[in-house]
Amino acid sequence: MSLASRLFVWQLILITALTAALGVVNFRHTGQQIRDDAGARVLSVAATLAHDPFVAAGLETANPTTAFQPFAEEVMTEANVDFVTIMRPDGTRLTHPDEQEIGDTYLGSREQALAGEVHVEQYTGTLGPSVRAIAPVFDGEGTVIGMVAVGVTLQTIQVALASDIPAILVVAAVALTLGAIGSYAVSRYLRRATLGLGPEGLRRRFVYANSALHSLREGLLLTDARGQLVLYNDRAAELLDLPPLDLTSGPRQTAPEHATADALPSTIRDLLDSGRRAHDEVHVDGERILILTQQPAEGGGAVATVQDHTEWQSLAGELETMRTLTTALRAQTHEHANRLHAVGALIELGRYDEALSFAVEDRHTAQALTDDVVQRLDEPYLSSLLVGKAAEAHERGLTLTLSASGTLPHGAIEARDLVTITGNLLDNAFDAAAAGDRDVWADFAATPTDLTISVADSGEGIDPDLIDAFLRFGVSSKPGEPRGLGLALVRQTVRRLGGTLEIENDGGAIFTVSLPLASHAEEHAQPAPCSSDESGEVTS
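Counting the sequence shown from 1 gives a position; our numbering is that position plus 884.
Everything labelled a hint here was simulated from the structure, so no lab data went into it.
A quick note: this is a predicted structure, and the numbers were derived from the prediction, not measured.
Check before you lean on any hint, since a few could be wrong.
Derived DEER-like restraints, expressed as beta-carbon distance ranges [claimed, not checked]:
#1 ALA1226 with HIS1294: 37 to 45 Å
#2 TYR1068 with GLU1005: 47 to 55 Å
#3 GLU1195 with ARG1235: 23 to 31 Å
#4 LEU898 with ALA931: 33 to 41 Å
Every residue gets a Cβ at the ideal spot worked out from N, C-alpha and C, and that includes glycine.
Using the sequences and the hints, build the whole thing.
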C-alpha cells in the first residue's frame, strides 16, 4: 500500500472517531442544555404563580380546588409544563394533572419551601422522573400559607432531545464528509508527490539518490526560487568550501543556515541568483578554475553542476608549450620547404647569385627575430612561444609585431605562467584580428619591479558591456569550447601572481597585464644586451 493510501485510511479512521466523539459530546451537551432550560422555565413559572394574588387569595377559601384546577391546566398549556401542583403547607395537593391524586400528599422535598426558599430538583413522583421547582406562597404577614410546584418530566425532555438528534447527525455527517473529501485531496496530492510509492519504496529511492549524489565526481548544487542553496553534494562542498551536508544525520534536509549563496564567489552567486541557463561557463574562485552548467528547474529554482578544471589548466599549460613548439616547427618547415623550392628553381635557371641572396636573406630574417626575442626576454619557454606564434601568425596571414624593453631576469616569473598569459592573449588576438585588418601587436616592458605585457589586435574590439564580464570570469565566442576558458586562465594566473589585468578598446582590443617580479629576481638575473631604456621591435 502506498504512503498516500495509508495516510488516507488513517485519516479516515481518525476523522470518523473524532466525528463520533464530537457527536456524543454534542448530544450530551444538548441534553444538558434542554434540562437546564426546563429547570429555568419551571422555576420562573413557579415563582410567578407563588406571587400571584389569585393563588394567595384562593388558599384562604374553603374549597380552593374548584378555582385552582382549571387555572392550573391553563397554565400548563401556556407554559408548556407537565404539571402545576398547588398545595397547602402540609403537602396536601389542591391541583394535579390526574384529578385522582388531588387531596393526596405531594411527593418531593418541601423543607426549603417551608423555610421560604425556592428550590429546584429532579425527583420521581406520580408522573415519573421530572425536573421540578417548588416555591412558597406568603400571606400579607409573610407567613407561608401554601406552595406551588411546577415540573417537566424527563420523558418530555427526552422527546425534545430526540427532536435534535437529526440535526446532530446531519452536522456529524457533513463534518465526516468534508473530512473524507479533505483526506482524499491530501491523499491524491501525496500520491502525486511520492509517485505512488510506499514508505519502503521512498526510503530505497532516497538511499539510492543520496548515494548517487555523493558519489558524483562533479559538484551538484540545487537552489530554490530565491537562489538559496537547498542541497549540494560532497564534491560541491569541497570545490566551493561549503560545510559538508549529510541528509541521513537528522531530519533537516536542507543546507545549513550558514551555507548560503552569500558564501560563494560573487560570479557564482550572481549565476545562482539569476537562475538563468548556462552551459560550460568559466568562473574563477581563488586558485581554482570552475566550469559551471546551470539548468532552470520546473516550479522555480535551478540545478547547477560544477567541474574543477584547475588540474586541467596545469596540464594545458605544459601541453600549450609543446603545441606551440610543434606549430613553430611545422610552420618553419613549411616555410623553408617553399623557399628551398624557390632556391632550387633559381639554381636550375642558372641564377646562382640570386639563389644565394634569397637563401641568406631568409636565414637573416628568421635569425634576427629569434635573436631579438631571446636577448630581450631571457626566458627560453617564452622565447620559444613567441617564435612559434610568429610562425603561426605568418602561416595564418597575420602581421605580428613584437617589441620588448628592459630586462626580464631568468626565473623572475614562472615560465609556465608566462606561457599561459602570453599564449592565451595572443590566441585571442589572432582570432580577433583574423576578422579585421589582420594586425597583432605584443609588447613586453620589464622594470626592476614588474613586467608589463600588452597585446593588441586590429579586430572589432570588445563590447563595453562585456568588459566587466571579461574581467570577472571571461567570455568567449568560440563554439564547441568551454566559454572563456583562455581568458579565465589568464585572469586566474594574474590574480595568483598578484598582478592586474586591464582591458580597453582603441581600434581593437588591448589587454594589459602587469606582473610584479619576484623579490629574488636579481639574484637569478642574467645580463641582457639592452638596458631599461632600450627597446627592440621585430615584425613578422
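Hint check:
no., hint, result
1, ALA1226 with HIS1294: 37 to 45 Å, "38 Å, holds"
2, TYR1068 with GLU1005: 47 to 55 Å, "51 Å, holds"
3, GLU1195 with ARG1235: 23 to 31 Å, "57 Å, violated"
4, LEU898 with ALA931: 33 to 41 Å, "49 Å, violated"
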